[in-house]
Amino acid sequence: MTMKKGPTKGSGGKHRNALRGKGPTPKAQDRTYHKAYKENKTAERRRASDPRIAARRRVARFTSDSDDLVIGRNAVLEALRVGVPSTQLYIASRIEHDDRTREIVKLAGMHGLNLLEADRLEMDRIARSSNHQGVILKAQPYQYSSLQKLVEHADKKNEAMQVADSEQARVSARPLFIALDGVTDPQNLGAVIRSAAAFGANGVILPERRSASVTAAAWKVSAGAAAHMPVARVVNLTKALESLQERGYYVVGLDGGGTSFVGETGFESDPLVVVLGSEGKGLSRLVRNTCDSIAGIPMSTLVESLNASVAAGISLYAVARARRTATSQD
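Just so we're aligned: 129 in UniProt numbering is position 129 of the sequence shown, and the numbers increase by one with no gaps anywhere.
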């Protein structure tokens, strides 16, 4: 017996497609032909034309997470004096000018910044405080270097100086980096950058997490040295140190329980990385295990630890002194 193909009589298959649902009914304001849709569009246009809403949008753009704000007359003036890279300067309308604000406006014009005037309410929103003294500076995000570029530049400089007649010049040109493990204070970072520039280091290495960034505060403390001292950020500090060791670098970590004093490890005349930990916790376990040597700073028993920036200055000076001593002995 042959079976008839397709829908059979009485099965409902003939009109099955027409019986399928079309989903939930759209809301009234989503239907283009509905009165609620037109009212909603009118309300949106009215809100967009409100100057208070426009001011809030400008504030939101100005105070995004990537921005770095310098607030207050003294802070802004110092930032402009040391050349913190900036884009915009906000001045409160009807501000009472003094010598500081006049110099701020003058320096902003010399640096080619955009001068914007805002009312008191908008200034409070930008600063998220009323203690801005009528002046707010927007700094540019710092441009970090890659660790690979820093190492290649240091190695090229070292190779070029090996033909120099002076032994001291050849040893002083050996690559030197300083790495920070868990230093979260931007002012400490700025002081470390300043010390690194003073003692001829090739760069500063920072981990991306649990570390301070080169903000306007760090830039100010560095006294402009951040413009000349490159800073690299790495995902994993331990892996970065291991990659440098593979290239012939030695890693010396600073810790109170070291087996030798800084400047006396025997690695000072070689390509070197000095690693500093936080003031409270010191070096992390993995970073400590990666170091070729752990060195300490001789101190009085009255003091348990030193500020990271102070320890960096002492360590870099000890390395520079050890390199000079090595050349004089030869």
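Check each hint, because a few of them may be wrong.
To be verified - Think about it this way: if two alpha-carbon atoms lie no more than 30 Å apart in a straight line, the pair counts; the simulated DSS-like pairs of lysine-lysine are:
#	residue 1	residue 2
1	Lys41	Lys22
2	Lys41	Lys27
3	Lys149	Lys27
4	Lys138	Lys156
5	Lys157	Lys27
6	Lys281	Lys239
What the hints assert, rightly or not - Here are the computed distance ranges between Cβ atoms for each label pair:
#	residue 1	residue 2	range
7	Gln140	Glu103	18 to 26 Å
8	Gln29	His153	58 to 66 Å
9	Gln140	Pro24	47 to 55 Å
10	Leu121	Arg100	19 to 27 Å
11	Val310	Ser146	26 to 34 Å
12	Glu117	Lys156	45 to 53 Å
13	Asn114	Ala164	24 to 32 Å
14	Ile95	Tyr317	41 to 49 Å
15	Glu39	Asn114	37 to 45 Å
16	Asn236	Asn114	23 to 31 Å
Hint data in this document are derived by calculation from the structure and do not stem from the laboratory.
Please read these numbers as outputs of a predicted model, since none were measured by experiment.
Beta carbons: idealized from backbone N, C-alpha and C, even for Gly.
Here is what the structure says about each hint:
1. Lys41 - Lys22: Judged against 30 Å, a Cα distance of about 26 Å means the pair holds.
2. Lys41 - Lys27: holds, 14 Å
3. Lys149 - Lys27: Distance ~57 Å between Lys149 and Lys27 Cα, so the pair is violated.
4. Lys138 - Lys156: violated, 36 Å
5. Lys157 - Lys27: Distance of about 69 Å is beyond 30 Å: violated.
6. Lys281 - Lys239: holds, 20 Å
7. Gln140 - Glu103: 18 to 26 Å: About 21 Å separates the Cβ atoms of Gln140 and Glu103, which means 18 to 26 Å holds.
8. Gln29 - His153: 58 to 66 Å: Holds: the Cβ-Cβ distance is about 60 Å, inside 58 to 66 Å.
9. Gln140 - Pro24: 47 to 55 Å: Since Gln140 and Pro24 have Cβ atoms about 49 Å apart, the given range 47 to 55 Å holds.
10. Leu121 - Arg100: 19 to 27 Å: holds, 23 Å
11. Val310 - Ser146: 26 to 34 Å: holds, 29 Å
12. Glu117 - Lys156: 45 to 53 Å: Roughly 49 Å apart at Cβ, these two residues keep to the hinted range, so it holds.
13. Asn114 - Ala164: 24 to 32 Å: Violated: the Cβ-Cβ distance is about 47 Å, outside 24 to 32 Å.
14. Ile95 - Tyr317: 41 to 49 Å: holds, 45 Å
15. Glu39 - Asn114: 37 to 45 Å: holds, 39 Å
16. Asn236 - Asn114: 23 to 31 Å: Hint violated: Cβ distance 39 Å, outside 23 to 31 Å.
Of the numbered hints listed earlier, those contradicted by the structure are 3, 4, 5, 13 and 16.
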